[in-house]
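> In order, the protein sequences belong to chains A and B. Taken in order, the first sequence gives residues 1 to 268; the numbers are from this note's numbering. Taken in order, the second sequence gives residues 1 to 282; the numbers are from this note's numbering.
Don't read these hints as lab results, they were simulated from the structure. Any given hint could turn out to be false.
[Claimed, not checked] Listing some non-contacts, in silico: residues in chain A with all C-beta distances to chain B over 10 Å:
1) Ser89
2) Thr114
3) Ile125
4) Leu174
5) Thr210
6) Leu230
[Stated by the list, open to error] Partial chain A-side listing against chain B, Cβ under 7 Å, derived:
7) Met1
8) Thr13
9) Leu46
10) Asp58
11) Ser96
12) Arg97
13) Thr100
14) Pro141
15) Gln201
16) Gln202
Source: prediction; values computed, not measured. Backbone N, C-alpha and C define an ideal beta-carbon position, used for all residues, glycine too.
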Amino acid sequence: MHPPKPPASLIKTQQWLSTAIRTLDPIQRELADAESGHYLTRSTFLDSQERLKIYISDYWPRCLDALEADFPGLRRWMGNENFRIWMTSYLDAYPSRSFTLSHLGQDLLPFLKTAYTQRDQAQVIELARYEWATLFAAFAPHKPAFNSKKYHQDPKALTQMRFRLQPHLSLLHLTYDWPTWISNDTLKKPKKKECYLAIFQQNDYFESYTLTKGGYLLLTEIDKGYPLHLAIEKAFSELTPKEAQTTESTLQTLFKDTVQLQWLTKRV
Amino acid sequence: MAIKKRFDVPFLGFGLGLRAPHYEELLSSSGQVDWLEIISENYMLDGGQGPHTLAPFKEKYTVIPHGVSLSLGSADALDKPHLKRLKALLSYLNPPWFSDHLCWAGVGGAHMHNLLPLPYTQETVEYVAKKIAIIQDTMGIPFLIENLSSYVEFQESEMTEWEFIKAIAETADCGILLDVNNIYVSSRNHHFDPMDYVRGIPANRVIQYHIAGHQDHGTYVLDSHDRPVRDEVWDLFAKTVPLMGDVSVMIERDDHIPPLSELLEELNHAKAIYTKNIYAPT
Ligand SMILES: [Fe+2]
Numbered sequence: 001m002h003p004p005k006p007p008a009s010l011i012k013t014q015q016w017l018s019t020a021i022r023t024l025d026p027i028q029r030e031l032a033d034a035e036s037g038h039y040l041t042r043s044t045f046l047d048s049q050e051r052l053k054i055y056i057s058d059y060w061p062r063c064l065d066a067l068e069a070d071f072p073g074l075r076r077w078m079g080n081e082n083f084r085i086w087m088t089s090y091l092d093a094y095p096s097r098s099f100t101l102s103h104l105g106q107d108l109l110p111f112l113k114t115a116y117t118q119r120d121q122a123q124v125i126e127l128a129r130y131e132w133a134t135l136f137a138a139f140a141p142h143k144p145a146f147n148s149k150k151y152h153q154d155p156k157a158l159t160q161m162r163f164r165l166q167p168h169l170s171l172l173h174l175t176y177d178w179p180t181w182i183s184n185d186t187l188k189k190p191k192k193k194e195c196y197l198a199i200f201q202q203n204d205y206f207e208s209y210t211l212t213k214g215g216y217l218l219l220t221e222i223d224k225g226y227p228l229h230l231a232i233e234k235a236f237s238e239l240t241p242k243e244a245q246t247t248e249s250t251l252q253t254l255f256k257d258t259v260q261l262q263w264l265t266k267r268v
Numbered sequence: 001m002a003i004k005k006r007f008d009v010p011f012l013g014f015g016l017g018l019r020a021p022h023y024e025e026l027l028s029s030s031g032q033v034d035w036l037e038i039i040s041e042n043y044m045l046d047g048g049q050g051p052h053t054l055a056p057f058k059e060k061y062t063v064i065p066h067g068v069s070l071s072l073g074s075a076d077a078l079d080k081p082h083l084k085r086l087k088a089l090l091s092y093l094n095p096p097w098f099s100d101h102l103c104w105a106g107v108g109g110a111h112m113h114n115l116l117p118l119p120y121t122q123e124t125v126e127y128v129a130k131k132i133a134i135i136q137d138t139m140g141i142p143f144l145i146e147n148l149s150s151y152v153e154f155q156e157s158e159m160t161e162w163e164f165i166k167a168i169a170e171t172a173d174c175g176i177l178l179d180v181n182n183i184y185v186s187s188r189n190h191h192f193d194p195m196d197y198v199r200g201i202p203a204n205r206v207i208q209y210h211i212a213g214h215q216d217h218g219t220y221v222l223d224s225h226d227r228p229v230r231d232e233v234w235d236l237f238a239k240t241v242p243l244m245g246d247v248s249v250m251i252e253r254d255d256h257i258p259p260l261s262e263l264l265e266e267l268n269h270a271k272a273i274y275t276k277n278i279y280a281p282t
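Just need the whole structure built from these sequences, with the hints factored in.
Written as structure tokens, this is what we have:
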């Protein structure tokens, strides 16, 4: 069956109402209010503009509450009111494009990078990246994992292979200890501490794994599509001799865990 | 009144929405809740909490998927990946029917995360009915459209809401999920007699009821699903029951979710009204 063509008047009405509910632009707002009587009837108690307001006052709190629930750390860092102001600008710039509120924060990072030019931009971006990674891990797909058993006899073939990391896995380089700060309300500020994390899906929720700098670089190069031997070469070229030593001593454990935690998928 | 239904589906009895605070009790209790309704979208993400998490409930109850984002009436085309995910959920649950709202939820690719009403025109009837037929064809089981609570009506409407629902259900040949609270809420917001609405609905297509609580703001009534069902809605339910024949009943509570025992009391009240009125003279 062919998809039906929408009536022209339906397109016009829906475009008008969706703008009328969402717009924050004062000129558009005035226009939408002025046009409300053309599109909407009045009731005994409310005129068309007042009826429109019922939908406006549903839309914003619904979206802002969802973002508050998803980014509790960012809300605490920015302060309640400031958080809602910034998230309102965010939703204005990036209206939801998904059927689920769970995806509402998916464009927050690009927004903060361009629009949030405050003194604490670096911290805000890092914190948002961490919180988004924990959300994303829980609902992103899990692909069939690479099975290393076949390659036990042929390690050379293994080093030639190219992989992709699971879609739900995020590699993070943090300069503050956000996880501890988020889980402890009494801490005023996060401790400055460099750490490398893999955030991934486990038992339908997110899990966090601490990496060495070398492990972080190596997984980053693997995900870019370099064959294993080249990824190792590239990662080690960025390490100091001391870092290289640490990485080397943990490399086997990292590989074992990577396979066991099913992070690697075959690159097609 | 015995009414021959358009679809050969079972009468499920009296059900509740599956909500996290009640998981354990629902799995351990027996016989108090006949069936469960889920919000389909909660189990349609790519990973994490997929359909498999419903396994223990599926073993014990008939689980009916109820959607909030098919956006049937949107001028945008149906979202194919969304239909694919829904189909996967239906294949897993194997329910006798599934449902969503007769509404639109966004246009131009943007989502409003709300259930927005449609202009009641013949053109819209034909457009939406074709989309429903595609959905029903794809899923292969009866699809029910649910009536909304609404706070605006469009100048361009050419018919009443109940005429609109009837026309769409008959053109698309689908079923109806009749939300009694939504009829009450809209009747207050748009000043019509709720019994005119009920009488205008084709009884042979009504397969399921929703009953819920609302907030009365004086100048308008808000469908809130956050409190017990009010007497006005119980009264309307009592008058609706004898007109529709056997229809599975479900109580909706989405906010301020009380202990299960409280919802069971409401469910028993629904059962008492239903039993008392199902064969009442009409
Ligand atoms: Fe409902």
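> If a hint holds in the structure, say so; if it doesn't, say that too.
Consistency of the hints with the structure:
1. Ser89: The claim holds: A:Ser89 sits with its nearest Cβ about 16 Å from chain B, beyond 10 Å.
2. Thr114: holds, 20 Å
3. Ile125: holds, 25 Å
4. Leu174: holds, 23 Å
5. Thr210: holds, 22 Å
6. Leu230: The assertion about A:Leu230 holds, with a minimum of 29 Å to chain B.
7. Met1: holds, 5 Å
8. Thr13: holds, 6 Å
9. Leu46: holds, 6 Å
10. Asp58: holds, 6 Å
11. Ser96: holds, 4 Å
12. Arg97: holds, 6 Å
13. Thr100: holds, 6 Å
14. Pro141: OK, holds: A:Pro141 within 7 Å of chain B, min 4 Å.
15. Gln201: holds, 6 Å
16. Gln202: Since the shortest Cβ distance to chain B is 10 Å, the answer is violated.
When each numbered hint is compared with the structure, a violation occurs for hint 16 only.
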